[in-house]
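*Asks:* Residues per chain, in single letters:
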Amino acid sequence: MLVLTRKLGESIRINDDIVVKVVDLDSRHVKLGIEAPRHISVNREEIYERIQRENKAASAAQDQGLKNIADALKDKSKDA
Amino acid sequence: MGDFFANLVYKKEDILTFEAGIPGFEQNKSFVLVQVPDYLPFEWLVCVDGTHLRFALINPLLFTPDYEPSITKEQLRELGIEKPEDVLLYAIVTIRENPVESTANLVGPVVINRTKRLGKQIIIDDERYGTQEPILRQQP
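Quick mapping for you: the protein sequence lines, in order, are chains C and Z.
At position 65 of the first sequence the residue is numbered 65 (this note's numbering), and the sequence of numbers has no breaks.
In this note's numbering, each number is its position in the second sequence, counted from 1, plus 80.
So here's chain C without its partners, still in its complex pose:
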């Protein structure tokens, strides 16, 4: 991990087109401003980790039961 020390108002440039700036600072929080091309997603790490965990759980589950819910969904759309 590259570790850089920045003061309030200073920035980091990633690649040519991503800038991370320290916008505000107190003893417990850093407020970061991020400039990045619109096709690049920027997320809080805990959201990304939550997606990773959910994907791992999804990949590990037993499949057979899916038939039950598939039938239930088909019945539901018949009733609709």
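Take the hints with a grain of salt, since some may be wrong.
To be verified - Partial list, computed: chain Z residues near chain C (C-beta under 10 Å): (1) Gly130; (2) Arg134; (3) Phe135; (4) Thr152; (5) Leu159; (6) Glu162; (7) Ile175; (8) Glu177; (9) Thr195; (10) Ile204.
Treat the hints as calculated values from the structure; they're not laboratory data.
Ideal Cβ positions, reconstructed from N, Cα and C, are used throughout, including at glycine.
Given chain C, work out where chain Z should sit, using these hints.
*Replies:* Chain Z only, in chain C's frame:
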């Protein structure tokens, strides 16, 4: 399903490339979309790079008809999407021990460009949706 997909036969042009992989599986970039009649409307995203990996998918509109994920046009363009007909939209399903309690991840929809054979799980920033949305809702 275990080894159900072990002998999957598919054509090279069926392969979908997930250039960024999928969160948690960033190195797995080649998948094929499979429909198994008994499991419809669920479909399967099956990894074809030799790894035993597959995800159950569902079209989120089947149980959340007003699902409107905030995906930017730049994100669509990055997948080479030029028209609505190019797009397939899915949510990854987590099958629960009691299958009728299975949930779908509406925070990370899987977007596929069926024409250019590209895919990506896009994380959306929207408080309306969760990673574990029940697929069968209780009728009020």
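*Asks:* Now tell me if each hint is right for this structure.
*Replies:* Checked hints:
Below 10 Å, beta-carbon pairs count as interface contacts, and glycine 130(Z) has none with chain C, the closest being about 15 Å; its hint is therefore violated. Checking arginine 134(Z) against chain C by beta carbon gives a least distance of about 7 Å; that is within 10 Å, so the hint holds. The beta carbon of phenylalanine 135(Z) is positioned within 10 Å of a beta carbon in chain C (closest approach about 6 Å), and the interface hint is therefore held. Annotation: interface hint on threonine 152(Z) holds; nearest CB of chain C at approximately 5 Å, less than 10 Å.
The beta carbon of leucine 159(Z) is positioned within 10 Å of a beta carbon in chain C (closest approach about 9 Å), and the interface hint is therefore held. Taking 10 Å as the C-beta cut-off, the interface hint given for glutamate 162(Z) is violated, the closest approach to chain C being about 14 Å. Here the hint on isoleucine 175(Z) is kept, as its CB sits about 4 Å from the closest CB of chain C, short of 10 Å. Among the interface hints, the one on glutamate 177(Z) holds; its C-beta lies about 8 Å from the nearest C-beta in chain C, closer than the 10 Å criterion.
Checking threonine 195(Z) against chain C: minimum C-beta separation of about 18 Å lies over 10 Å; hint violated. A distance limit of 10 Å between C-beta atoms decides the matter here; for isoleucine 204(Z) the minimum to chain C is near 9 Å, and the interface restraint holds.
Against the hints set out earlier in the document, violations occur for numbers 1, 6, 9.
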